[in-house]
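Chains as they are written, first to last, in the numbering used here: chain Z, 1 to 384; chain L, 1001 to 1259.
To be clear, the hints were calculated from the coordinates, so they are not data collected in a lab. Predicted, not measured: the structure shown is a model, and the values here were computed from it. Each residue gets a CB set at the ideal place from its N, CA and C atoms; glycine is no exception. Treat the hints with care, as some may be off.
To be verified - Here are the simulated SDA-like pairs of lysine to any residue, each with C-alpha atoms no more than 20 angstroms apart in a straight line: (1) Lys1150/L <-> Leu139/Z; (2) Lys1129/L <-> Ala376/Z; (3) Lys1129/L <-> Leu80/Z; (4) Lys1150/L <-> Cys364/Z; (5) Lys1128/L <-> Pro135/Z; (6) Lys1150/L <-> Ser379/Z; (7) Lys1128/L <-> Tyr278/Z; (8) Lys1128/L <-> Arg136/Z; (9) Lys1088/L <-> Tyr278/Z; (10) Lys1150/L <-> Gln302/Z; (11) Lys1128/L <-> Ile313/Z.
To be verified - A few chain L residues that face chain Z, going by a derived Cβ cut-off under 7 angstroms, partial list only: (12) Asn1066; (13) Leu1068; (14) Trp1071; (15) Gln1072; (16) Arg1094; (17) Asn1105; (18) Phe1107; (19) His1109; (20) Leu1113; (21) Ile1121; (22) Val1123.
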Amino acid sequence: MAAIADTPVLYVRTAPAAKLPPPAAGSGFIGWLRVNLFATPGNAILTLACVALIAWAVPPLIRFLFIDAVWSGPNREVCLASPAHPEPGACWAFVRVWLSYFLYGFYPIAERWRVDVFFAALALGIAWLGSISAPRRDLGAVYFFIVLPVLSFVLLYGLPAIGLAAVPTNLWGGVLVTIVVAAVGIVASLPIGILLALGRRSELPVVRWLAIGFIEFVRGVPLITVLFMASVMLPLFVPQRLEPDKLLRALIGVALFASAYMAEVVRGGLAGVPRGQYEAARALALTYWRMMGLVILPQALQVTLPNIVNTFIGLFKDTTLVFVVGIFDLLRTIEAARGDPKWATPVTAGTGYAFAALFYFIFCYGMSRYARGVEARLSRGGRR
Amino acid sequence: MARQKPDPAAAKPARAGAAVAMTGLHKWYGEFHVLRDINLAVGRGERIVICGPSGGGKSTLLRCVNRLEDWQRGSVVVDGVELTADPKTILAVRRNVGMVFQQFNLFPHLTVLENCTLAPIWVRRMAKKQAEELAMRFLARVKIPEQAHKYPARLSGGQQQRVAIARALCMSPNIMLFDEPTSALDPEMVKEVLDTMVELAADGITMLVVSHEMGFARQVADRVIFMDDGQIVEVNAPKQFFAAPQHERTRLFLQQVLR
Ligand SMILES: Nc1ncnc2c1ncn2[C@@H]1O[C@H](COP(=O)(O)OP(=O)(O)OP(=O)(O)O)[C@@H](O)[C@H]1O
Ligand SMILES: [Mg+2]
């Protein structure tokens, strides 16, 4: 022992180091400004430039949309420049008068409740499937992917046998059509995209070639072309008797187009699932489809959910292109309404487009927020 | 192949018919001959530990037993069923062969309990409640019933590996394959996993274990197999294997790992 005691001790802590609260980040508002906005000269210039940009762009916009806006009135007179109102802003009176046309198109007024029920049913499906903590999301999926499509078809198209008069699709229009096209694209593209993505990774060469061929072909062609092709070429493949109607053709085109993009998104998610997951699933004697459905896809889709929602956002905006095959989506109804001589003013078109922009923005921003919320929640949930 | 047992006490007598029989097995990865003329019969209830240098083909050999890998020549018979390319045969064999991996490979999107009940429910067609009871029994056996409702990412490595063992046991396999089950663990967690495996060995389940845990091999193995360069170089009772290895390469290897 003595020999060891003689060797010098290098360090021994005698008193424990005090546990301190973290230092305050900055002092108050000024401190925050200094740290975040004016940390360096370059930073300060950037801040000032941005403030100038906002000051230049935002007030006129607010003045046009709200302050100088005309909220109600019987006709164009209220939205024209007058001594009392030298610079008229948005003519919301026009939107109010035409609103039901923007929502339903020429859908018969007596039957419009069916559209409202459809909107509500769709909202229920989205809320059920979309909120992670909702009960029985497996039932939610059945509702969304099976019950809802059938219900929507019966509601919107009608089923005379049960007393719902048929409403031909050429009477549909506006938000109804926009939502139908987007919803069909979304509901169809996810399962078809998943199948295509699996096909692309298949060990069977024929399946793989078919999947690759389809995906690459559709992705190599603009949506407008796909829509034209669906509307012009589909009748060539389908017996005359069954000639699908115009909206259906566009829906098929949109669904195929969206599926090809979804396939690539899902493929990215699949690539992120480690090989060990496949091996563990196979070692447990799961069949291919059970392995995919229970182990691989849930992980792949979870990882890639933000990308899936991004694709949905893109699709939602792309639905405006269906006007090229003569379908009256929201944008097309606005286009039609702004030609109404009763409301012809210099601000009518601008108001209509502002309304459309607001509509698309609310939906797309909602989806984007949702994706980010889910992402944050998953990473907080400690699942990975 | 001849089973030499210089120390009869070291090996349990195998019941009729081999649990696993590999005959003239060859496998290539492209040009690379990864398994060369493997002949091995594992008796029912026998515990085999396979060791050898990295890249020697140990994992590949093990993965041929449940056909996670296929081969070009030779045959593998598991519980009297010859493994062919037929998916039904493969699934039938996998139902009775459990596997534990180096990286655990738990399903991160499922809770511990769901990990354990997945295969009993979907493969064995067990009722959910029954499967959960079964899973809780095995989770209790590996001593982590209280973690049942957590996600795997919240568990330590040792706990995850014990869940992986429980998950495999829930299928009531006749044969368990372990591919370096402790190699990815921090040293302080190795023991809890090895203890679980020792208990399992006492139950008489057939075990094929790739491991460099020589203490474990000594304690539970009926036979130790040394593999190098795609071949079985030596098969021996553990006592003999560690005290008097027969092959030059075995000796070199043991010198390195036991140093
Ligand atoms: N998919 C593959 N393609 C090509 N070569 C492979 C593949 N998998 C394994 N190999 C090679 O086969 C050889 C044997 O691999 P194996 O994993 O069976 O070795 P091992 O004995 O388990 O080694 P370790 O102790 O490192 O796990 C190695 O040289 C490896 O590089
Ligand atoms: Mg290995």
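Which hint numbers does the structure go against, in order from smallest to largest?
1, 2, 3, 4, 7, 11, 14, 15, 20, 21
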